[in-house]
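As they're listed, the protein sequences go chains Z and B. Numbering-wise (the working numbering), the first sequence opens with residue 1 and increments by one. Numbering-wise (the working numbering), the second sequence opens with residue 1001 and increments by one.
There's no promise every hint is true.
Once the Cα atoms are required to be at most 20 Å apart in a straight line, the calculated DMTMM-like pairs of lysine to aspartate or glutamate come out as [unchecked claim]:
1. B:K1337 / Z:D45
2. B:K1265 / B:D1102
3. B:K1337 / Z:D53
4. B:K1337 / Z:E55
5. B:K1337 / B:D1292
6. Z:K192 / B:D1120
7. B:K1337 / B:D1405
8. B:K1053 / B:E1238
9. Z:K192 / B:D1353
10. Z:K192 / Z:E55
11. B:K1337 / Z:E48
12. Z:K192 / Z:D203
13. Z:K192 / Z:E67
14. B:K1144 / B:E1155
15. B:K1144 / B:D1120
16. B:K1268 / B:D1006
Computed footprint of chain Z on chain B; a stretch qualifies when at least three of its residues, placed anywhere within it, have a C-beta under 8 Å from a C-beta of chain Z [as the list claims (entries may be wrong)]:
17. 1101 to 1111
18. 1342 to 1353
19. 1403 to 1416
I should point out that these hints are in silico values taken from the structure, not numbers from a laboratory. Cβ atoms here follow ideal geometry from the backbone N, Cα and C, with glycine treated the same way.
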Amino acid sequence: MERTRPDGRRWTFRRILFLGLFALVLIVGVALAGPLWWRFASDGDGYEQQGFDIEQMVASRLTRVRESEAAWGFVIEDGSVNLWLATRLVAWLEHDGDLTLPEGWTSPQVRFGSDLIQIGVRSPFSLIVVIDFRPRIRDESVVFELVGTSIGSVPVPLAIGASMVPAFGPGDGDGGEGEASMDRLSVPRLIKLADGRRVWIEDVEVGSGELGLRFRTLR
Amino acid sequence: MSQRSDDQRVVITGMGWVTPLGHDLDTVWKQLMASGSGMAPITRFDASTFPTKFAAEVRDFDVNQFVDDPSVHAHAGPNTQFALGAARQAWTQAGLTPGSFDPLRAGMYLGAGEGVLDFDNYVAVNLSGWNEESRRVDGVPWVKKALEMMEAVNEIEQEPNMPLAHLGREFGLRGPAYNCLTACAASTQAIGEATDILRRGDADMMLSGGTHTMIHPLGVTGFNRLTALSEHDGDPTEASKPFDRTRGGFVMGEGSGMVILETLKHAKARGATPLVEVRGYGSSCDAYRITDIQPDGRGAADAMHQALTQAGIDPHTVGPDGRPAVHYISAHGTGTKENDSIETRAIKRVFGDLAPAIPMSSIKSMMGHLIAAAGAVELITSAMAIRHGMIPPTRNLHHPDPDLDLDYVPNDARVATVDVALSNNFGFGGQNDTLVISRFED
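Just need the whole structure built from these sequences, with the hints factored in.
And the structure:
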């Protein structure tokens, strides 16, 4: 009995189609899975307490009464920030009525790279949208320049990535508590403490896996 | 000196307490000065399988030594008995006698906790009605057993207002009568509210304070479940470690603190000696989670601000001697990670750069947490600090927490001139109450 075989052109077309579909599935899969570093874990032995301890460490250093205006600082690892984000962020947002996560956006996590801060957030479409920032001190502000966006691990053009995130949009230009535009976010360098004291952000330095911050507490 | 008129100024003329460290002012004060401890294994029930097996119990207390007719108080629960003991001491120190006050102008405002459940009988009744198949209590056998076993008088003695009833009868107080049960801040709130009743002219004198015991299976289990109690495995006297890096929760205490509050006008008229003056009172709600304190201490700071404002004290100023305007803070200082961190932050929020210059301590490290009675006992401690020129220590503070950077008076009492003291108490539900008292000057 004679077996039928696809001719060469049809076979090649099928292979291309198969590879194309495979690539599409792979891209969708990678996009859905999120980047390798994005792991949101809020439940675990002692997680809540560890998140609280991190919060205490940062808050107590910011509010510490200091003898002089000499610079001081601390280094925090992205793992610690992520633990705090997973266990304490919701509580903080709850007690500060001015801040909320945009509706449907949940589970932010960060990764610190060389001169780069990556923030991955689960979007309302269950995709992890990642925004890459480069922090810069500029005059009275700390500016976070938008340098890259991706969906999961798949890079997408800046304009597309930024347009997906509600935090970005035309700035109001008043230079007040903070500002966001299509290509950057900025926050004032001056932090006002509740007792009237002020803390000045001296420097922000991002290295592999850690963020270094330096301050001066003004008298 | 206060700018208020004598009928607006409120003074304390008598104080008393029943605590795990003793049943009279001097004994307890000496224990506090010696950094003593009232903590030991629980004896009230078999706690050997509980996560927390120790507490600070009131020991060797006999209410009959403090009341005129013991038969009147024969069914009084332990919280009422403690209240009677503390109130009798305050009454005696204030020099009150029948006929020296108008009963209708003499009231009470307590922060008294609920009484103790008749636990054994209650469990026996429940077991008799338990239907294993339906996993529910069957009302028919339950009520049959309940009517057999449950005593009406024991049921009514569990009501939080029963200490009021017994005190009113014992001392002939027929004026305004209130009780608030705002968790661990209850008796601070009671004394603050009693002060306001006097200032608005609704009474001439008030018996105020708190009383409570939660050293029973339900109380210990509840706080264990809330992960608020220390589960220290070792010497119970080392379990309560406020402000220490290794702190792991509070130790349950019990007892009562009572004060006699009077308008200065009334105290003068009957020749009483003012011990200290109540200058300010503040109360606030975190408006946050019921089991968590607001993270930045805003609610606690609000209560302190209110009390200082009412007292006419600017927390950012220093006196002629270069010291802050407040010379001692009796901290709520439970010894939980959360409370001690956030209270520290709240105090900095109020006093700013001056916060490290104010000594503060937690006597819960020595006598445990008296829950609703804690505020009154700690206010009395503050008054004793003013009168004796000594500040009680925070016991078991051997490992400073790098994140807690104020002066917690570790381990040893300190000689200090205290003219103004502030006492904080906070409770589950985000309740915050603060009192400010000062040395009395006419």
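* Does the structure keep K1337 of chain B and D53 of chain Z at a Cα separation of 20 Å or less? -> Holds, at about 8 Å.
* Satisfaction of hint between D1120 of chain B and K1144 of chain B, Cα-Cα up to 20 Å -> holds, 17 Å
* Does the stretch 1342 to 1353 of chain B contain three or more residues whose Cβ lies closer than 8 Å to a Cβ of chain Z? -> holds (count 8)
* Asked: Checking C-beta pairs, does the stretch 1403 to 1416 of chain B have three or more residues closer than 8 Å to chain Z?
  -> With 3 residues close enough to chain Z, the hint holds.
* Restraint check for K1337 of chain B with D45 of chain Z, where alpha carbons must lie at most 20 Å apart -> holds, 16 Å
* Asked: Hey, K192 of chain Z versus E55 of chain Z, does the alpha-carbon distance stay inside 20 Å?
  -> holds, 18 Å
* Given pair status - E67 of chain Z, K192 of chain Z, alpha carbons within 20 Å -> Measuring from Cα to Cα gives roughly 18 Å; hence the hint holds.
* **Straight-line alpha-carbon gap K1337 of chain B to E48 of chain Z, limit 20 Å** => Judged against 20 Å, a Cα distance of about 12 Å means the pair holds.
* **Proposed proximity, D1405 of chain B with K1337 of chain B (alpha carbon, max 20 Å)** => holds, 14 Å
* Take the C-alpha atoms of K192 of chain Z and D1120 of chain B, compute the straight-line distance between them, and say whether it is at most 20 Å. => Violated. K192 of chain Z to D1120 of chain B sits at ~56 Å, over the 20 Å cutoff.
* Do the alpha carbons of K1144 of chain B and E1155 of chain B lie within 20 Å of each other, as the hint requires? -> Distance ~17 Å between K1144 of chain B and E1155 of chain B Cα, so the pair holds.
* **Proposed proximity, D1006 of chain B with K1268 of chain B (alpha carbon, max 20 Å)** => holds, 9 Å
The structure does not agree with the numbered hints 6 and 17 stated previously, though it agrees with the rest.
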